[in-house]
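Chemist: Sequence:
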Amino acid sequence: MVHCASAFLFGTAYAIDPVAFHIPNKSFIRLNVMSDLEGLSRQDLLSTWVVNIWTGLQAEVGEVGEVGGRNNNSYPAASATRLDLAASATRLDIPRPSYFDSSLDEEPPRRYTLDLDTAKLLQIAGSERRLIVSWTTGGPKRWSIAHNLALSIRKNTPELEHSFVFIALDSDAVRRAQDSGFNVVLNEGSHDLQDDIWKMRWLIQTTCIALGLEVLVVDSDIVFLSNPFHHFYFDSDVEAMTDHFFPAEQLWATWLRPAEHINTGFLFARPSPRLLAFLVEFVDAHYHGHEGPTLRDGMDQRVFNKFVMQKMEKRPPEVITRYENITFPALDWQGKTDRFTPRETWDLPIGSGESITLRILDPVCISHGMNYFWRKAYKLKSCAGRQQPPAVVHVNGVDPKMYFLRDRNLWYIDDWEDRFNDSTSFLVYHHPRGLNLSADFEVLIAALEVGAYLRRRVVLPDTMNCANSPAYKIYNLSETMVDEPGCTYDYFAHANGLYEVYSRVKPYAVEAGISREPRFLDLPVMQLNMELETQTGRLREEILAAHAERRAAFGSLSARVLEVEDVILLRDGLRSGRFGLRMNAEHVFSCAYQEPLIGAMACLDEPYVEEFGKEAMCEAQSFVRGCGPVGICCCWPFWGWGEKLQYFTGVRWDLPCNCGVSVCERFSRSLETGSENCCRHAGSTSIFPVTDPGVFYCETNSSWSGPTGAEDSNTYTSQALIEFAANKRTVQQSFQTCSLDRLLRRGDAFQETSLRECNLQFSSYLLRRFKWKQLHTWLDWVFEQRRSLGNSSRLIASMDGGVVTDNTGFSLGKLAHDTEQLEYIISLGVQQEELHQAASGFRSLLELFAELQQGVPVRMEVERQFAEVRPFFNRALHLPDLDEALGAIPELLHAAADWEGAELDVRNGGVAVVHGALLPSARRLVHRWLLESTIWYQSLQNGEIHKAQLRDGLHHAVGMRLVHEVQGRIPALDTLPILDIMSYRHSEKSPGLPWHCLDGIVVAMVWFGDTLNSSVGFLGTSSSKDYCSGDRVGPAPALTLERFLQQRKPPQGEASVVCQEGCLLLWRSSRAVRTLHARKADKEANTFASRPVELLMLFGSNYAHDAGASAEFAPSFEGRVDSWGGHYYASDHDHR
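Take 1 as the starting number for the sequence shown in UniProt numbering and just add one per residue.
Nothing false has been slipped in among the hints.
Straight-line distance between alpha carbons at most 30 angstroms, and here's what the computed DSS-like set of lysine-lysine pairs gives:
| # | residue 1 | residue 2 |
| --- | --- | --- |
| 1 | 336 | 314 |
| 2 | 306 | 773 |
| 3 | 1049 | 989 |
| 4 | 155 | 120 |
| 5 | 1025 | 1049 |
| 6 | 381 | 155 |
| 7 | 473 | 614 |
| 8 | 379 | 473 |
| 9 | 473 | 381 |
| 10 | 771 | 306 |
| 11 | 773 | 314 |
| 12 | 947 | 989 |
| 13 | 1049 | 947 |
| 14 | 773 | 947 |
| 15 | 614 | 306 |
| 16 | 314 | 771 |
| 17 | 336 | 614 |
| 18 | 141 | 506 |
| 19 | 155 | 379 |
| 20 | 1080 | 947 |
| 21 | 336 | 771 |
| 22 | 306 | 336 |
| 23 | 141 | 120 |
| 24 | 141 | 155 |
| 25 | 1025 | 947 |
| 26 | 1080 | 1049 |
| 27 | 947 | 771 |
| 28 | 773 | 336 |
| 29 | 989 | 1080 |
It is worth saying that the hints were derived from the structure and are not from the lab.
All values derive from a computational prediction rather than experimental measurement.
Between the sequences and the hints, there should be enough to build the whole structure, so can you do that?
Modeler: Here's what the structure looks like:
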């Protein structure tokens, strides 16, 4: 057995870091001999072979002109190179492993498989070479769900238990699994639990496939009811569950939320080289929890669906999908959609010619949570026989998971003693059938009150009227619920709300399904005779004793279950004092103002509204808001998928938010600014009602009208990013999606903030993916929105640092710079009215402000004059037309310069100088661009340095062409994305840039100006590491120069490099750097045009990471939760 630390090929086996696999004995002997001859370990020898293979392939690819046509040592992370196996006719298209990234990249090697005992996996798989795998930690919540999965296999499919194994994420999980007698293997390479959880299902597949095993990977919230392998076709690389109700009609429609199509909680993968390559590419493309300022989507199911959809769009497609006897030709196969730009304008990548096949399984027999727990769809179809349960049930789309598992009697753990003690007592009441919605919930609320008064847990009803659900007919509940006693409350109201408030936080209720449990059926029962209790007064005595002794009423009579016939009559009697005491409902529940959670309603999704028109939208105003008990809300129908009813079927979810009950009432109270609507108990006169902590009992001031952006719009797999990059959506449409999400969910109060944040997100995405045309389109549009004179009334949020405006104040240095620049441009003969008007106003204000600083009392006049010139301040007043001049220059860089030597110097020493790199004509053109463009919006070092940047005007074709030519001359840079382009202009007082470390991997710099000499100082590698302490300067999330310099003292021990105007300097970003410009003494050398200006180009991805960025799963309304019943009053719940 050989362990491989890098991707390698041997015979027909293929593996990726680090897995164990078997090779023929003869080959193993030959490997040992070669290892001895080479003086290398087997592992190092194999790794060396792979490097040589890739180097040869790169040379071969370069000769035929693919991937840029260069013989270089690195390729784009997204590129794929074809391997011809020496011992096999198999041809693999695999993504270039990150081990072969440019040697300039300091990122640690990436892992594409799990670090675990592969021999044990092979042993468990046995001769069938098949595994069923799930994963868990040893935490009580996670383990309890995982344990339930394992027990369902043991009970319902015992023939599968021998091939079932847990991947344990910690030692506690190993111990728990072993104690329960289940197979378990520890993932020993765990470093970041949240990241491990995100990648786990994909790394399980790559590990098993590399071992040549079939693998069924299941979420731990799966329940096996029969053998699912009987429902597989065994004709595809992957067979997967879906969250659709009607897949034959709706699969791959792009107006639906992407996560609907493939439910990744149940994936059956068959080993093949092409599937392994596909999965490695997926992991590699989403390896990090962030891309610069943008988070990875916490829901890997949604991310995988988008990845598959992009592969389906390639021509030829790289994923072929099937359902039953249907093979889907493309996305939106149902018909042409008008949401996108004309198809002929789309920029879709060319397919490799290789594809995988993916089959979608029947959502009834391989059931998602909504089909089983809600629709009971198996009653409409033959799976293993008419009305037989499905093979597996996924507890997704239902929340809390524990409630639904227990209520529907799919909980296999005997934890009665953990849940209840000998004093736990229950209340069972008669819930009348056939009531309307309000009556159903009035009775339910009365039962909760009585349970609280009697200190007993109410067994929730299962006889509520199913016909009150808006989905009754369209989802066939009228057929599937005929043989059921009725419906539970979760068919109408937010399941998590009621269960969390009245079962977990307050011990008033327990799920209806407990009444079918054997342990419950064995409890002693007592029937409450209200007439007798009234006559004897025993009810009063029992209630008083129960509260004094902290026990259940009638508990002294060993009545563990108390049955009540008319709970309304009992509740009213207790409220009115009929039984000798008066109870107060305010001690049982708080009244809350209930309104819809707009961001969750799929019928407000932007794609849905665009597809079907505004008349199909469920406007926020259409929901009936009102006052009701906290936790009982019928316009929050999650997770029964009522929030998706309209967009799946066209039928509206039209239940009132308070479920029609009258136990709470609305009242108005006065405020200094008017009045507000609030809620209190019916009949109360309190102006400030007493409520449970965290309850919103007054109407919020927020309002929303129109569609909403997708909830993952702030991630680097946002559909807005993907579709804009492919030119499927216009820049205006793309910004609208981003801003809708930011206004609704991210706290943006103004469009100016959204313009900044969306600009950071879109530009970073496009730069990283080399989408130059779309990048230019985006930057042009957002620059016009932010800086054009036509938008002069708009505030501007600075692209640097925190969200602050940069056009509502000024400094002396900034005003002096802008005045000098405008006067310089005018001196060139530019005739532009706004330019002259701004220059005159700036000069006057500059002189007046100088007087103020000298103590002259002219503050009011300064304020008045600044108000007059503010429409011109930090605006794009002049952008020179340089297209013709640029077109007249064949190349900007000198071909005869020592570019090869420069690359070697950067690789080996970290610094390189290319003297005379810029041709004279290019030097003049680039300098002119920087002199005449009014794009210097950031003022640094007390106004002594001014900065321009790519995302805020520094994106002219002159700069972009220079960058591309630098990449063309330095092959090591050709595969690195551009992180940023920025320029610094120095005043007469500035000696140069202070010490700092820049973001990215490599920096290239040219500079212009008339100086005695200019040099750049560098610290050594170790000193740079100590000085920078992991901080970098660059675009968000990196620091600004000012922030970086805080609390840092100038370092010692620099090495200087002299670089005259026109030279190109390159260095590794990890080196701390400063610039020094020695000025000439004569006055002519101190003009605006002669002062030093540096142009820096940052290559590579962000080294600096946002401290707030995390791959941690965020609560989602698209069918998944992570906590399995988190606290209802937690910060991630809005508990109105």
